[in-house]
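From just these sequences and the hints, can you work out the full model?
2 protein chains.
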Amino acid sequence: MSYFSFEVLHASKKSQARVGRIHTPHGIIDTPNFVAVGTNGTLKALDNVQVNKLGLQLMFCNTYHLLVHPGTDVIKSAGGLHTYINRPYPIITDSGGFQVFSLAYGTVKEELKSKGLNRHAEAVIKISEEGVLFRSYRDGSPILLTPESSIQAQKALGADIIIPFDELPPYHIDPKKLKQSLDRTHRWEERSLMEHRKDPQQQAIYAVVHGGIDKALRTLSCQVLSNLPFDGYAIGGSVGKNRQEMVEMLAHTVPQLPKNLPNHLLGIADLPSIDEIVKLGIDTFDSSYPTRSARHGSVFVSNGQQLKLLQTKYKDFHEPIERTCECYTCLNYTVSYIHHLYKAKELAGLTLATLHNVHFMVQLMKNYQEAILNDEL
Amino acid sequence: MSYFSFEVLHASKKSQARVGRIHTPHGIIDTPNFVAVGTNGTLKALDNVQVNKLGLQLMFCNTYHLLVHPGTDVIKSAGGLHTYINRPYPIITDSGGFQVFSLAYGTVKEELKSKGLNRHAEAVIKISEEGVLFRSYRDGSPILLTPESSIQAQKALGADIIIPFDELPPYHIDPKKLKQSLDRTHRWEERSLMEHRKDPQQQAIYAVVHGGIDKALRTLSCQVLSNLPFDGYAIGGSVGKNRQEMVEMLAHTVPQLPKNLPNHLLGIADLPSIDEIVKLGIDTFDSSYPTRSARHGSVFVSNGQQLKLLQTKYKDFHEPIERTCECYTCLNYTVSYIHHLYKAKELAGLTLATLHNVHFMVQLMKNYQEAILNDEL
Numbered sequence: 002m003s004y005f006s007f008e009v010l011h012a013s014k015k016s017q018a019r020v021g022r023i024h025t026p027h028g029i030i031d032t033p034n035f036v037a038v039g040t041n042g043t044l045k046a047l048d049n050v051q052v053n054k055l056g057l058q059l060m061f062c063n064t065y066h067l068l069v070h071p072g073t074d075v076i077k078s079a080g081g082l083h084t085y086i087n088r089p090y091p092i093i094t095d096s097g098g099f100q101v102f103s104l105a106y107g108t109v110k111e112e113l114k115s116k117g118l119n120r121h122a123e124a125v126i127k128i129s130e131e132g133v134l135f136r137s138y139r140d141g142s143p144i145l146l147t148p149e150s151s152i153q154a155q156k157a158l159g160a161d162i163i164i165p166f167d168e169l170p171p172y173h174i175d176p177k178k179l180k181q182s183l184d185r186t187h188r189w190e191e192r193s194l195m196e197h198r199k200d201p202q203q204q205a206i207y208a209v210v211h212g213g214i215d216k217a218l219r220t221l222s223c224q225v226l227s228n229l230p231f232d233g234y235a236i237g238g239s240v241g242k243n244r245q246e247m248v249e250m251l252a253h254t255v256p257q258l259p260k261n262l263p264n265h266l267l268g269i270a271d272l273p274s275i276d277e278i279v280k281l282g283i284d285t286f287d288s289s290y291p292t293r294s295a296r297h298g299s300v301f302v303s304n305g306q307q308l309k310l311l312q313t314k315y316k317d318f319h320e321p322i323e324r325t326c327e328c329y330t331c332l333n334y335t336v337s338y339i340h341h342l343y344k345a346k347e348l349a350g351l352t353l354a355t356l357h358n359v360h361f362m363v364q365l366m367k368n369y370q371e372a373i374l375n376d377e378l
Numbered sequence: 002m003s004y005f006s007f008e009v010l011h012a013s014k015k016s017q018a019r020v021g022r023i024h025t026p027h028g029i030i031d032t033p034n035f036v037a038v039g040t041n042g043t044l045k046a047l048d049n050v051q052v053n054k055l056g057l058q059l060m061f062c063n064t065y066h067l068l069v070h071p072g073t074d075v076i077k078s079a080g081g082l083h084t085y086i087n088r089p090y091p092i093i094t095d096s097g098g099f100q101v102f103s104l105a106y107g108t109v110k111e112e113l114k115s116k117g118l119n120r121h122a123e124a125v126i127k128i129s130e131e132g133v134l135f136r137s138y139r140d141g142s143p144i145l146l147t148p149e150s151s152i153q154a155q156k157a158l159g160a161d162i163i164i165p166f167d168e169l170p171p172y173h174i175d176p177k178k179l180k181q182s183l184d185r186t187h188r189w190e191e192r193s194l195m196e197h198r199k200d201p202q203q204q205a206i207y208a209v210v211h212g213g214i215d216k217a218l219r220t221l222s223c224q225v226l227s228n229l230p231f232d233g234y235a236i237g238g239s240v241g242k243n244r245q246e247m248v249e250m251l252a253h254t255v256p257q258l259p260k261n262l263p264n265h266l267l268g269i270a271d272l273p274s275i276d277e278i279v280k281l282g283i284d285t286f287d288s289s290y291p292t293r294s295a296r297h298g299s300v301f302v303s304n305g306q307q308l309k310l311l312q313t314k315y316k317d318f319h320e321p322i323e324r325t326c327e328c329y330t331c332l333n334y335t336v337s338y339i340h341h342l343y344k345a346k347e348l349a350g351l352t353l354a355t356l357h358n359v360h361f362m363v364q365l366m367k368n369y370q371e372a373i374l375n376d377e378l
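As they're listed, the protein sequences go chains A and B.
Start counting the first sequence at 2; every next residue gets the next number (the working numbering).
Start counting the second sequence at 2; every next residue gets the next number (the working numbering).
Don't read these hints as lab results, they were simulated from the structure.
Treat the hints with care, as some may be off.
Said to hold, decoys possible - List of simulated lysine to aspartate or glutamate pairs, EDC-like, C-alpha gap at most 20 Å:
id, chain 1, residue 1, chain 2, residue 2
1, A, Lys77, B, Asp317
2, B, Lys346, A, Asp140
3, A, Lys242, A, Asp175
4, B, Lys367, B, Glu377
5, A, Lys156, B, Asp317
6, B, Lys344, A, Asp140
7, A, Lys77, B, Glu320
8, B, Lys77, B, Glu149
9, A, Lys180, A, Glu130
Just so it is clear, the structure is predicted and the values come from calculations on it, not from any experiment.
What follows is the structure, encoded as structure tokens:
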């Protein structure tokens with residue numbers, strides 16, 4: 002499989018952190034690295050030419066959203082997702098399962114806030130061994146998502162890395178039901194892998210390790226999935242209700258993954274967590290946190306803090322967000338002006354803040370790679 | 002006054018159309034030309050580096066909005082509007098009067114739709130010979146706008162071209178009241194001019210000819226204001242309830258303006274009107290129509306039509322908006338993708354459509370200039 006490979010360049014002497022390089026048909030992903038989320042085929046408030054210039058090496062797109070609109074047939078007829086969205090660099094898509102089950106169960110955060118069942122719960126019509134039947138949030142039409150149809154959708158999209166269909170069980174779940182869910186997820190993942198291998202199309206497929214916060218089940222999941230010829234290993238499902246639980250779970254799980262293959266942590270990239278997960282040996286991780294923070298007026302600065310653009314004290318702060326930052330926003334605009342754009346509800350504010358945060362993440366990960374190469378982390 | 006000048010390069014043999022060049026401290030404005038509206042110091046959905054690249058030669062900013070936020074003191078402390086918003090090219094600001102009186106009377110369009118008094122009518126506390134006292138829509142604080150304070154605000158902003166304080170009377174107005182309003186506007190404009198001339202600061206000031214749809218009053222306004230040493234002449238107030246009334250009014254008014262000075266038509270730039278106003282000898286004209294149309298999913302194409310991006314037929318139209326267009330959007334994205342961005346409510350769609358429409362206007366005006374130089378218009 003020459004179109005996809007992974008090499009570990011250096012393992013830190015101080016932690017499990019490692020520097021590596023993933024080779025894909027659309028270029029290299031240096032690891033550890035942040036993966037930005039472009040749900041609908043674009044990072045919110047940016048267009049892809051802007052993103053391409055930022056040096057972001059991997060973008061995460063959501064199959065579920067692209068299935069609902071414009072539909073995978075449209076994207077296939079355009080020549081695939083890379084052409085459709087004008088991104089010549091690596092893309093990863095998920096299976097659609099996460100969104101479908103988020104609709105059914107809500108997110109862990111919603112659960113912990115006791116919001117109960119998500120208001121979209123009625124969107125899921127039926128979950129069976131076959132897969133999940135749900136209603137499109139756009140027009141109410143029924144969509145059947147199975148391991149096979151998810152893979153076929155991801156083949157139509159043509160991302161460099163795809164993900165098998167899995168179930169996202171709720172955080173609060175009866176242990177017996179969690180085991181049943183895990184077993185079914187393993188069967189679904191194997192079906193996904195089989196479907197993929199009929200015609201790999203230069204795509205790599207990552208397994209998704211599940212088991213919630215049950216260590217024995219995480220071990221079982223690593224064992225079952227390691228025996229299957231996946232190209233990499235993602236860690237999914239609930240990894241805990243707080244950072245401490247997450248760290249414990251990852252410290253337990255990561256060492257049980259094949260060391261010669263890349264791993265990916267699904268859905269986590271807040272700044273305090275990055276420090277932890279990189280040290281635990283995570284290669285890539287995705288989250289909409291940096292882009293969502295930007296839209297809420299929160300921009301990252303290099304002391305690990307966030308500057309809240311809407312605060313009145315920034316009204317006449319005629320300096321860039323950071324003097325040393327070389328992003329488009331900092332080279333061209335002051336905090337005072339961006340503050341004004343937010344206050345005046347001008348969309349340009351969202352774009353400028355997002356450009357800064359994504360640039361920040363790209364630079365941050367270069368710094369992490371450097372620190373690991375120097376055994377400083 | 003070496004910092005501002007106007008030269009007529011060619012007068013068409015077929016119409017009143019003319020090609021000219023306005024020299025300002027921040028560069029040249031070729032005429033006839035479209036002036037895009039950047040109310041809050043930015044074209045909606047774009048940032049100014051993007052606008053600078055589009056070749057837009059003049060941007061219109063609204064003193065009223067900038068007074069309310071961030072305040073002219075903030076912009077002055079940044080070094081003026083050009084620095085604050087990062088636009089090294091010419092800027093024109095209005096007096097704030099238009100917005101204040103729109104609050105009081107509503108727009109002509111609202112009036113014609115019988116919406117009656119605008120819902121913000123209570124924002125205007127008092128209109129007197131002195132000026133207008135109104136409440137900030139942001140925080141309710143009282144703001145007094147007078148000819149002198151409007152000019153001082155525009156001096157703090159530092160645009161290349163400024164506009165005297167005037168009253169915008171409603172379309173349906175008693176002839177006697179219209180005459181009273183006109184007389185007061187003339188007094189306000191003269192006070193504005195006097196205030197400006199105390200310290201010109203390399204700014205040019207355009208008079209605003211009023212008189213509504215009363216030809217005699219338009220003639221009077223041209224006479225009164227032509228006798229004052231303004232640097233250019235804008236045409237403001239109601240110029241009619243439809244295109245025919247507007248054409249009649251401009252055909253009557255434009256010939257009465259000083260021919261050696263630039264003129265400007267306030268607030269009109271829909272495509273069908275441009276053809277008419279250019280032939281009547283208008284040099285510059287502003288409108289938010291091209292940018293607002295873009296945000297509503299309407300993009301301009303060279304046959305004079307508009308392509309409605311939200312129409313389902315564009316779902317799988319894998320071509321740029323126009324094959325021959327060389328804008329950022331057409332060089333990088335297809336209609337299908339932009340359609341998808343609109344359907345998915347991604348802000349990037351608004352940005353891409355706006356970039357196209359502004360580029361279209363810049364090219365359109367180059368074509369008009371060329372046609373006039375060749376006596377084809």
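For each hint, the structure was consulted:
no. : hint                 : in the structure
1   : A:Lys77 to B:Asp317  : holds (10 Å)
2   : B:Lys346 to A:Asp140 : holds (15 Å)
3   : A:Lys242 to A:Asp175 : holds (16 Å)
4   : B:Lys367 to B:Glu377 : holds (14 Å)
5   : A:Lys156 to B:Asp317 : holds (18 Å)
6   : B:Lys344 to A:Asp140 : holds (12 Å)
7   : A:Lys77 to B:Glu320  : holds (15 Å)
8   : B:Lys77 to B:Glu149  : holds (17 Å)
9   : A:Lys180 to A:Glu130 : holds (15 Å)
This entry satisfies every hint, going by the numbered hints stated previously.
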